[in-house]
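There are 2 protein chains.
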Amino acid sequence: MSNIVVQKFGGTSVGSEERIAAVAKIIKKASEKDSLVVVVSAMSGETNRLINLANSFGENPSKREFDALISTGEKVSAALLAMALHQIGVEAKSYTASQISMRTTDSYSKAKILDVDGKKIEETLDAGIVPIITGFQGITDSGDVTTLGRGGSDTTAVAIAAQMKAKRCDIFTDVDGIYTTDPRIVPEAKKLDSITMEEMLEMSGQGAKVIQIRAVEFANKYKVPVRVLSSFESGNGTLITLEDNNMENGLVSGIAFQKNQIKFTLHGVSDTPGMAYGILGPLSDANIEVDVIVQNVSVNGKTDFTFTVSKEDEAIATDVINTVKESLEFDDLLIDSNIAKVSLVGVGMRTHAGIASTAFKALSEKGVNIQMISTSEIKITIVINENNVDNAVKALHTAFKLEE
Amino acid sequence: MSNIVVQKFGGTSVGSEERIAAVAKIIKKASEKDSLVVVVSAMSGETNRLINLANSFGENPSKREFDALISTGEKVSAALLAMALHQIGVEAKSYTASQISMRTTDSYSKAKILDVDGKKIEETLDAGIVPIITGFQGITDSGDVTTLGRGGSDTTAVAIAAQMKAKRCDIFTDVDGIYTTDPRIVPEAKKLDSITMEEMLEMSGQGAKVIQIRAVEFANKYKVPVRVLSSFESGNGTLITLEDNNMENGLVSGIAFQKNQIKFTLHGVSDTPGMAYGILGPLSDANIEVDVIVQNVSVNGKTDFTFTVSKEDEAIATDVINTVKESLEFDDLLIDSNIAKVSLVGVGMRTHAGIASTAFKALSEKGVNIQMISTSEIKITIVINENNVDNAVKALHTAFKLEE
Numbered sequence: 004m005s006n007i008v009v010q011k012f013g014g015t016s017v018g019s020e021e022r023i024a025a026v027a028k029i030i031k032k033a034s035e036k037d038s039l040v041v042v043v044s045a046m047s048g049e050t051n052r053l054i055n056l057a058n059s060f061g062e063n064p065s066k067r068e069f070d071a072l073i074s075t076g077e078k079v080s081a082a083l084l085a086m087a088l089h090q091i092g093v094e095a096k097s098y099t100a101s102q103i104s105m106r107t108t109d110s111y112s113k114a115k116i117l118d119v120d121g122k123k124i125e126e127t128l129d130a131g132i133v134p135i136i137t138g139f140q141g142i143t144d145s146g147d148v149t150t151l152g153r154g155g156s157d158t159t160a161v162a163i164a165a166q167m168k169a170k171r172c173d174i175f176t177d178v179d180g181i182y183t184t185d186p187r188i189v190p191e192a193k194k195l196d197s198i199t200m201e202e203m204l205e206m207s208g209q210g211a212k213v214i215q216i217r218a219v220e221f222a223n224k225y226k227v228p229v230r231v232l233s234s235f236e237s238g239n240g241t242l243i244t245l246e247d248n249n250m251e252n253g254l255v256s257g258i259a260f261q262k263n264q265i266k267f268t269l270h271g272v273s274d275t276p277g278m279a280y281g282i283l284g285p286l287s288d289a290n291i292e293v294d295v296i297v298q299n300v301s302v303n304g305k306t307d308f309t310f311t312v313s314k315e316d317e318a319i320a321t322d323v324i325n326t327v328k329e330s331l332e333f334d335d336l337l338i339d340s341n342i343a344k345v346s347l348v349g350v351g352m353r354t355h356a357g358i359a360s361t362a363f364k365a366l367s368e369k370g371v372n373i374q375m376i377s378t379s380e381i382k383i384t385i386v387i388n389e390n391n392v393d394n395a396v397k398a399l400h401t402a403f404k405l406e407e
Numbered sequence: 004m005s006n007i008v009v010q011k012f013g014g015t016s017v018g019s020e021e022r023i024a025a026v027a028k029i030i031k032k033a034s035e036k037d038s039l040v041v042v043v044s045a046m047s048g049e050t051n052r053l054i055n056l057a058n059s060f061g062e063n064p065s066k067r068e069f070d071a072l073i074s075t076g077e078k079v080s081a082a083l084l085a086m087a088l089h090q091i092g093v094e095a096k097s098y099t100a101s102q103i104s105m106r107t108t109d110s111y112s113k114a115k116i117l118d119v120d121g122k123k124i125e126e127t128l129d130a131g132i133v134p135i136i137t138g139f140q141g142i143t144d145s146g147d148v149t150t151l152g153r154g155g156s157d158t159t160a161v162a163i164a165a166q167m168k169a170k171r172c173d174i175f176t177d178v179d180g181i182y183t184t185d186p187r188i189v190p191e192a193k194k195l196d197s198i199t200m201e202e203m204l205e206m207s208g209q210g211a212k213v214i215q216i217r218a219v220e221f222a223n224k225y226k227v228p229v230r231v232l233s234s235f236e237s238g239n240g241t242l243i244t245l246e247d248n249n250m251e252n253g254l255v256s257g258i259a260f261q262k263n264q265i266k267f268t269l270h271g272v273s274d275t276p277g278m279a280y281g282i283l284g285p286l287s288d289a290n291i292e293v294d295v296i297v298q299n300v301s302v303n304g305k306t307d308f309t310f311t312v313s314k315e316d317e318a319i320a321t322d323v324i325n326t327v328k329e330s331l332e333f334d335d336l337l338i339d340s341n342i343a344k345v346s347l348v349g350v351g352m353r354t355h356a357g358i359a360s361t362a363f364k365a366l367s368e369k370g371v372n373i374q375m376i377s378t379s380e381i382k383i384t385i386v387i388n389e390n391n392v393d394n395a396v397k398a399l400h401t402a403f404k405l406e407e
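If you read the sequences in order, they're chains A and B. Heads up: the first sequence begins at 4 in the numbering used here, then just goes up one per residue. Heads up: the second sequence begins at 4 in the numbering used here, then just goes up one per residue.
Derived from the structure by calculation, the hints contain no laboratory data. The model shown is predicted, which means the values in this text are computed figures rather than measured ones. A few of these clues could be false.
Here are the computed lysine-lysine pairs in the DSS-like style, where the Cα-Cα straight-line distance is at most 30 Å [said to hold, decoys possible]:
| hint | chain 1 | residue 1 | chain 2 | residue 2 |
| --- | --- | --- | --- | --- |
| 1 | A | 66 | B | 32 |
| 2 | A | 32 | B | 193 |
| 3 | A | 66 | A | 36 |
| 4 | B | 328 | A | 28 |
| 5 | B | 122 | A | 123 |
| 6 | A | 113 | B | 32 |
| 7 | A | 123 | A | 262 |
| 8 | A | 397 | B | 66 |
| 9 | B | 113 | A | 123 |
| 10 | B | 193 | A | 113 |
| 11 | B | 193 | A | 66 |
| 12 | B | 123 | A | 122 |
| 13 | A | 123 | B | 36 |
| 14 | B | 369 | A | 123 |
| 15 | B | 36 | A | 122 |
| 16 | A | 115 | B | 364 |
| 17 | A | 226 | A | 32 |
| 18 | A | 66 | B | 194 |
| 19 | A | 115 | B | 122 |
| 20 | A | 122 | B | 397 |
| 21 | B | 397 | A | 66 |
| 22 | A | 262 | A | 397 |
| 23 | B | 194 | B | 28 |
| 24 | B | 193 | B | 397 |
| 25 | A | 170 | A | 36 |
| 26 | A | 123 | B | 115 |
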């Protein structure tokens, strides 16, 4: 195990000159104990400022140019953080994706990391200098700049941690850890000291906005322990563990929820082989992430096929469905934009029965009607009316005694 | 002669989304006739915004990080200009210094261009795409980002024009050409259709802020014809010619002047070998550009050594002189910060006598006292009281009939 720790600081953590100076102090302190590699996001607001500039030139700017444009934000914060470290006597050097050969696929704005050359980082560490690396971006084989999509800096940090065989990747953000659910809805929500990768994957996908899901997948694949903690206050945050070492693990670890969802139902669609692909294939081609998918048993060769997508994809998804209507026959397209998802997550679910019934009992007592149910080994997701979300989350949090 | 024209757009030319759209139209029109390579500066105000951010972290930020920081401005404008061109149907691609291997020395913030790889530019042109290149910056052999100093985008443009054997380099700015003198002082000042490189070198050095002197030197060395013109209004600008083709050339082409100068006189300095170097060497080491230098004949082994520098270098220059005082003996250090330089420039001077006497007669008639005189083959520079500059420039402009 190396002595390397990767620290990643998000946009709000480096959102002003004062915040950058505060982050420099965190790095200085940590550098006395560990060998640090730092990854930074753009100063909060900067990426949006750049996007607004781009929007002056049409709705669909060239993706290559768009990435070249918005990747400048991290270059700014990386250089500033290096300066802030110099000011308090810490040697540091900023590096761009191109300078450390952070190679990605060439799918602009949602590029995937292929590999990273650890040599320059290693040389820098060997010289007693803290490398500050621009998050969120990479380069293609032909040297064009790419970006990894929103929140991609988390993935950058984990990728570098994997490459450098770091003992841990610390994701600094503006919350102090992962909670059993959103404390704004349930004031009794409790910070978790640790959570398993699997649970985190399910939580992340369901809208726990603390860390990007791709980063957790990456961490899972390369077995990098990740810690989520605050750059605004001290504390140990929440450790995302590789394995579930906690024998006393509760049944449910947390409750995630996500509003701004939209539900499409293809009513009376022919239940023939290839039907699901005929719907989901074109949606995937249009880069729409489909979330909960439910298909009921078929009656007389016809069935109802229902799926949810993020509300911002409504227009494109509707277009896609109308296009496939020519090849797929269905009676009606029903669209419900007044829905939300709530998920119970916990590795404890694997070995315990009765979770679903406890949950449904709690919800029915609050008069919450369940529209869709989808389950996996460690997660139960329900789709309900958006207006019921707060009540549902509170009821479930109490039912599973998460405040204890 | 190739059909390539390099167009460079300065900070005010791309100072807003509207300006970038206007520049895109200029490029579109010119691209119908010539093969274009475009070089851009940062949007006006952007470099200062970045410098202000850097200033939060001490007075002397690391030059490497400083360059990494401020070089982001051109990356932003290059990507935006490419988008603006796409919007009006012109294919374009932005390139950073790293992407076209614009190699420089590693003296950060004042790097000098070593060479540039024309291959990517050529391929882009061959594909019918307009390459948009970030001005002002380069990379070192180890891949670090450098900048060329203020106004360096002009030099970038000329370097690329030289590499690509362009038939011309057009420098777009916010003035419509080079004038016989500053029209704000002399309303009758006339725009020159052409000016020789040599004259331009002298004009530029004396404060004609239209184009950077290094760029003209570069153009001179590689025989690149340069044209200075406005991106705000149409017109042919002023062509900076390689040779003086104009038989009817007047005696004086223009009058340049520069305020904010300061004059140092080492009174009663020992006139021994190495004295001048003993003064100018340390000033050069401190990166201070010394301008007019005058040394009078010596009397009794002692002389007066006088030079001028820009007023902003006053503090450092004074420090340097006080340091050399230990090794060089002199009686007094006289500092006059109320001076200005005025220069008559013209290749016609070479072959005509009597320029100096005409000039001095005009000045004496206006009661302007001359403090220092320095002459070269195509220039006469005088140092006068700063308050006399406007009168002196007007008198000289009339005396040499420049308004005709």
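Of the hints given before, which are not true for this structure? The structure breaks hints 2, 3, 4, 6, 7, 8, 10, 11, 13, 14, 15, 16, 18, 20 and 21; every other hint is satisfied.
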